[in-house]
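Visitor: Protein chains in written order, with the working numbering: chain A, 1042 to 1459; chain B, 6 to 536; chain C, 14 to 359.
These aren't lab readings, by the way, just hints derived from the structure by calculation.
What you were told as hints is all true, and nothing was included just to trick you.
Derived DSBU-like pairs: lysine-lysine, alpha-carbon spacing no greater than 35 Å straight-line:
#1 B:Lys149 <-> A:Lys1255
#2 B:Lys387 <-> C:Lys223
#3 C:Lys130 <-> B:Lys354
#4 B:Lys513 <-> B:Lys286
#5 C:Lys136 <-> B:Lys365
#6 C:Lys304 <-> B:Lys414
#7 B:Lys286 <-> C:Lys241
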Amino acid sequence: MKTKTRDLLTKNIVTIVFVILCILGIIASQQPLPFIFKELLTRVGRNTFLVLALIIPVIAGMGLNFGITIGAMAAQIVMIFAISYGATGFGGFMLCMVLSTPIAALFGYLTGVVLNKTIGQEMITSMILGFFANGLYQLLFLFLVGTVLPIGNEMYLIPGGVGVVNTIDLKGNLMYALDDLWSLKVPTVLIIAGAICTALLVWMQMKNKATQTKDQKKASYARIGMGLSLLVVGLVLNFTTNMYRFFDVPMITALFIILIAVFNIAIFKTKMGHDFRTVGQDKHIAHVSGVNVEKRRVLSIVISTVLAAWGQIIFLQNLGTLNTYGSHVQISTFAIAALLIGGASVTKATVGQAVLGVILFHTLFIVSPMAGKNLFGNAQVGEYFRTFIAYGVIGLSLGLHAWKTFAAQQRKDKIDLE
Amino acid sequence: MNNIMLELKEISKLYGENQVLNKVSFSVEKGEILCLLGENGAGKSTLMNILFGMPVIHSTGGYAGEILLDGQVVNINTPEKAMELGIGMVHQEFMLIPGFTVAENIKLNREVTKGNPISQVFGKDYRTLDYKTMNRDAREALDKLEIGIDEYAKVEGLPVGYMQFIEIAREIDKKNIRLLVFDEPTAVLTESEADNLIKAMKHLAAQGIAIIFITHRLDEVTACSQHVVILRDGGLVAAKKTSDTNTVELAELMVGRKIEKLVQNEENRNVEKSETIISMKNFKVGMPGEMVKGIDLDIKRGEIIGIGGLAGQGKIGVANGLMGLFPASGEVTLNGEPLVLNAPMASLKKKLAFVSEDRKGVGLLLDEPIDLNIAITAMQVKDDFLKKVVFFNQIDEAKVKRHAEEMVKLFDIRCTGTEQKTRRLSGGNQQKVCLARAITLEPEVLLVSEPTRGIDIGAKKLVLDTLIELNRKKNMTIIMTSSELAELRSICDRIAIVSEGKLVGVLKPDDSDAKYGLYMSGKTDMPGEVL
Amino acid sequence: MKDKIMHGLKSIGIPRLTIITLLIVIYIAAYVLKLDVAQLFSDNLVRMGMNGVLVLAMVPGILAGTGLNFGLPLGVICGIIGGLISIELNLTGLFGFVVAIVASIPLSILTGYYYGKLLNRVKGSEMMVGTYVGFSVVSLMCIAWLVMPFKSDAIRWPIGEGLRTTIALTDYYDKVLNDFMKFRVAGIDVPTGLLLFFFFMCFIVFLFLKSKTGLAMIATGSNNKFAKASGINVDKSRMIATVVSTILGAIGILVYAQSYGFFQLYTAPLMMGFAAVAAILLGGASAHNAKIFHVIFGVFIFQGLLLAALPVANVIFPQGNLSEIMRVVVQYGIILYALTKAGGGQ
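Turn these sequences into a full structure, and let the hints steer you where they fit.
Guide: What follows is the structure, given as structure tokens:
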């Protein structure tokens, strides 16, 4: 039992450290909880989709896809042109989703082809590729638009007629195009979610009753308990006076996220997903058993890039401003850092880790400036601290992974002499 | 006669100028186990590559001869075709994915799937895996082998002995399997595991599957096979009923050849009385694929001792272990003093020098010039070829060049100049550079591994002559490891045979072929003293 | 003959050829547009000397087999700290500059030692780990800059907390090397001291590479199994290379700063590694092989391109920041090219 606990601790050490950091940060920031919760709700809705875009390449053995930046660029290219030609509302939003798909798929394909040439160095290559693509992206928007390419509305051009302006306000066109479709208050959502979960879990329990082991039974009841507590919390919040009653949950955005989460789980139950796993576990054996390794690798990057493009559109419609030359730049760093904080690694990632990671990472993001100010008398400390967290957790994770692989290789080469 | 399933007719194969198979013919009956015997390089793997339609055969001009399956000529040009025809192979290295379950491994890329609404629209890539059926099929295959592994256990936790069975289960799960090739499957197994495997093979044969069993353990041949086929130097030496032969004859057939006397070691020197220079006790080396599992051997001053044996048996490990290149343990003394193991510098400082069997991987800096290649080890070990310039010790380029030129002359290294990169040299000349580098160290004991592998006959002679000359003129002790038994027998004073990581015995160059053959398959007892 | 030329061109590589041609075209364009070509060339020399040592820092890593040192910001930070110490002591001129170097060296050795230790544990992923170690340390240093106990008014903000984002060297050692023995010939200003220092550093590295230790390092990078069999301690060789690279990074930023006239703190060192990597690759190096010549040639053409493209592009295309875009494309394009050439493919 003791070793089991220790195992659990060491395996999840990154996540545990961040849970503690978050709690300390919340205390140090002296911010009211409802405020943090509201901010978090917004940020989770905004960022989760992007983080989910990372999972498939991880399983397919390509590591963390720093190239999701390129997907984000595809999204922004489509959005800028669509807005300039007057796209608005949910229709405009869906138009962007549809149009960005083939473009992102093409970008993903090209990325995949390059990554197949640098096996073993996929991550550094995808990162450099992102930087390189950013150069071409700038060429497009700073130079080609206005000279070679037309744009729907002159107001988006830099005075002088060449190049797209720095920031594009999405108010009045795409802002909240998805979020505002349908939203419910927090307690309502909790009640509905709790009820559905409980019902589903009870039904599963009834179905599996006969074949269950004792441990499974325990776990199942624990899950039902959690479902019920969601319901209870919802009810309590609904009938008492508190701030949470006034917060909106954008239901359609949530639905999108749930759909993509389900997709990420379901794909691994199919032949294609199983092939991703095979390739990710051992390229050589996959090749020998007749799996088209290169094609599968490219496909995993294509899916990831397309999801990233969709994710970026969701991100921007919530944020409300599109920074033409900046919105995409840090996407990969933040998404990857969030995923890793949730407990994922270069070779393993799950939907649960992605969601948990987003929650932890963004809690830290919200509280660190105030915490920095309260602790060091300087809000900048907190701001630099969160950048450090993002880079640091990626560096740490990469280092640990490389170390483990190297050590495992050495262990494999070193045969026990006795 | 109607029982014949596979017939090979006059199969020949050329790799460039090199005849690796020469009109090999034999047949395999339904439900029998046929053993394929032969030394390394005898042509076994080429033959199997042909049988599996491997790309390496067809990208090098294909083969000559005919393959008949059930009396029909078949053209096996891709591995897929071989699979279609029901030919399967159990690899020596495991093709298993540790993170997958046994059933997932058995069904690798042959997963059973079922349709769903999405796959109806988007195609079969989206069909869901049918784990129930997969597990059931896997169970069936495992049951056929009478092995009680859980089909849903993950492979990573299983003992090595089981892995082989999973591989076999994968093959027999292919419904049409008729012919199975086992490529040295027992090499990685313990004795009892090997026994289990042979039992399983017999069981399969009894169900009508024909089996080709590649091995070097003569006992196993007699224990399980009905027929035995022996290849040597690409030719068929014998195809016999196992019951008509015995291990001694098999050994003789496998090894025997006229010794090409490239060089002559005239005197029959008796080195036994010389003083011991290196003494190994319970010497173990953890070299992957060439494990040494405890050797006791004394090497005498001034002798040329050969280390022979089949590939993968550990002969290569000995020299690598002595040089500290792979983890080693045991007691080794040099001139009576203990040799520090696992430290290349310590071995080099004690005047051991090594010419590696892996010329390109270990022996050379391929992108550096010849002169630096020759000098660098002596520079690192003995601070040779250095001069002081201000506050740095600098390479003495003039001296390096002068020395390299001497060596080029001495060894007749064909090059455009000493500044040529070694990558551009032919194999023979590369080998000469390696030798020159070792000699530059002025060693007391020279270890050379596979010195003539892949080099032309002229270079071969020069290398062997040089070794003899160094031995005679400078009284250098030489430990020569080689797969070419003939070569060892032509220049060595004594030859130690290593099998399965252990020393089988030390032979004289003029001992009989049969004795060599038996020793190489790990046996020392001479049944019936027929020799 | 034709084959030979084709072979030569192939070994240079299409991207490099394109860039060299581009540079020539830009210079011709500058002449045609009646820009001050001599001035342009002088600036090119300055930029070469100013960035040269940073590029030189790439050589040991490449040769020892740790690959392109994207962890260069570590050395840069050590150099900046050395420079600040010198300012804090109120030292000026050449003496101040030398003290800055001397102060930065023990720091770089220490940093390089731990960085080297890390790189020895992550063999095969040095570049990716190096990049993120660099990023992490730069962002951690951002906090450090806010709290470091420097007292000098030149270093601290006059009001508020922490160190300035840019620290002017005007009163300290601004252009000490650039102006040393500077002369003018045919309208070209030659920054003698700067170039002498750069070539001197190149010469030191050249000597180092010809020493026993240096050759052991080259053997390690070229074939680590060979190195091991020759009694060379592979890990130690890689460690030495990393330390030397870090020291060169520190000296490099000091040379850069004295020419630029400022130290830039906070996030400025973040992407510095990439420019240095791109320069040496443009000069003809690969992820496995580099020569001193590649450094000199590479930094000349890369910096020349960045410098000359700006005025030319501004005349031809007044709109759009074309030269900055070109920098990004060229810089990352060449790294990408080198990565795909380095292979790893099947």
